[in-house]
Amino acid sequence: MIGNRRFLGRAAAGILLFVGCGMALPSTTFAEIVGIEFLEWQQHLNGTARVDSDSFKGSEVDLQDDLGLHETDYLTQERLWLHFTKRSYLVATHLASQRTGKEFLTSPLVFGGVIFAPGDTIKSRLEIRQDSLLYRYDFIDFPIFKLGIPFGAERLHFRTEVESSATGFVGDGSDGGTFPVVGLALSIQPIPIIHVSGEAEGMRVNFQGNDYRFYDARGQVEFHFAPFVGLNLGYRRGVTDVNLEGLGKLDLTQKGPYATLTFRF
Numbered sequence: 205m206i207g208n209r210r211f212l213g214r215a216a217a218g219i220l221l222f223v224g225c226g227m228a229l230p231s232t233t234f235a236e237i238v239g240i241e242f243l244e245w246q247q248h249l250n251g252t253a254r255v256d257s258d259s260f261k262g263s264e265v266d267l268q269d270d271l272g273l274h275e276t277d278y279l280t281q282e283r284l285w286l287h288f289t290k291r292s293y294l295v296a297t298h299l300a301s302q303r304t305g306k307e308f309l310t311s312p313l314v315f316g317g318v319i320f321a322p323g324d325t326i327k328s329r330l331e332i333r334q335d336s337l338l339y340r341y342d343f344i345d346f347p348i349f350k351l352g353i354p355f356g357a358e359r360l361h362f363r364t365e366v367e368s369s370a371t372g373f374v375g376d377g378s379d380g381g382t383f384p385v386v387g388l389a390l391s392i393q394p395i396p397i398i399h400v401s402g403e404a405e406g407m408r409v410n411f412q413g414n415d416y417r418f419y420d421a422r423g424q425v426e427f428h429f430a431p432f433v434g435l436n437l438g439y440r441r442g443v444t445d446v447n448l449e450g451l452g453k454l455d456l457t458q459k460g461p462y463a464t465l466t467f468r469f
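Read in order, the letters of the sequence shown are residues 205 to 469 in the working numbering.
Since the hints were made in silico from the structure, they are not lab data.
In this text the structure is predicted, and so the values were computed from the model without any measurement.
Watch out, some of these pointers could steer you wrong.
[To be verified] 25 Å max Cα-Cα, derived DSS-like pairs, lysine-lysine:
#1 K327 to K261
#2 K261 to K306
#3 K459 to K306
#4 K306 to K327
#5 K290 to K350
#6 K453 to K261
#7 K306 to K453
#8 K453 to K327
[Said to hold, decoys possible] Label-pair ranges, simulated between beta-carbon atoms:
#9 T276 to P394: 32 to 42 Å
#10 S292 to S378: 34 to 44 Å
#11 I344 to D269: 41 to 51 Å
#12 I344 to N250: 33 to 43 Å
#13 I353 to K453: 29 to 39 Å
#14 D269 to P461: 19 to 29 Å
By construction, the Cβ of each residue, glycine as well, lies at the ideal position given by its N, Cα and C atoms.
Let's have the full structure, built from the sequences with the hints guiding it.
Laid out in structure tokens, this is it:
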């Protein structure tokens, strides 16, 4: 309940700022060159993890039931794009998350080469960093409808650890990689002040010795009362299933509503 109030409060603050900016700016149309987007995401994370070592294969654990990690978090993503020709965009995105938790063990747990006994209380941490650089080309470009293909590179990095409250022993692992992605993006503008858009990128590939199955999709409605400022409300879902040589295996689902504030220049 408190988390929902926090999310709604941030969205309301964004609306007030958006309205204030919109009243101060002209409403004529223009062609943007640079865009900046700040996305506030009420993210729900579920999944499983296994962290191996040279000595032991790790236990496959549930992030909430076994590690006690918080399911819901509030994340801020930054996105910057360059609109350098009528149909072409270059888009850079950064997103980072960090979750912690605590759990009482009822069965043995092997994590990062350390064996944790039943009856121990563990402290856990999971850090995820996600960066991308995409080129998008709109092969259909009408005033009320655009359809394009984004493609480029996605960078994922994971770090996770479990610490014993009884012994102080820590089992951890970290790894990541960069791999290609491709997707589809569309935008519909039924009336000048409203844009409806959706996009998805992903790939299933074995790259640099690691297996990746990844996709990230979102749909949104943008309220665009002024040429330089937009407010988006939408929903986002992403799946990351990776088998990393230096870490183990992660199978994650990230989803939830979001609000963004967008500036165009």
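Range agreement (Cβ of K453 with Cβ of I353, hint 29 to 39 Å): About 31 Å separates the Cβ atoms of I353 and K453, which means 29 to 39 Å holds.
Range agreement (Cβ of P394 with Cβ of T276, hint 32 to 42 Å): 33 Å, holds
Range hint 33 to 43 Å (beta carbons of I344 and N250) holds or violated: The hinted range 33 to 43 Å holds for I344 and N250, with Cβ atoms some 36 Å apart.
Hint consistency between K327 and K261 [alpha-carbon to alpha-carbon, up to 25 Å]: 20 Å, holds
Distance restraint hint 34 to 44 Å, applied to the beta-carbon atoms of S292 and S378: For S378 against S292, whose Cβ atoms are near 36 Å apart, the range 34 to 44 Å holds.
25 Å Cα cutoff - pair K306, K327: Holds: K306 and K327 sit about 5 Å apart, inside 25 Å.
Hint check for D269 and I344 - Cβ pair distance inside 41 to 51 Å: 46 Å, holds
Pair hint outcome, K453 versus K261 [Cα-Cα no greater than 25 Å]: Holds, because 11 Å separates the two Cα atoms, which is no more than 25 Å.
Restraint status (C-alpha distance of K290 to K350 at most 25 Å): The hint holds at about 11 Å.
Restraint check for K453 with K327, where alpha carbons must lie at most 25 Å apart: 20 Å, holds
Distance restraint between K459 and K306, which requires alpha-carbon spacing of 25 Å or less: 23 Å, holds
Restraint status (C-alpha distance of K306 to K453 at most 25 Å): 21 Å, holds
Taken one by one, the earlier hints all hold for this structure without exception.
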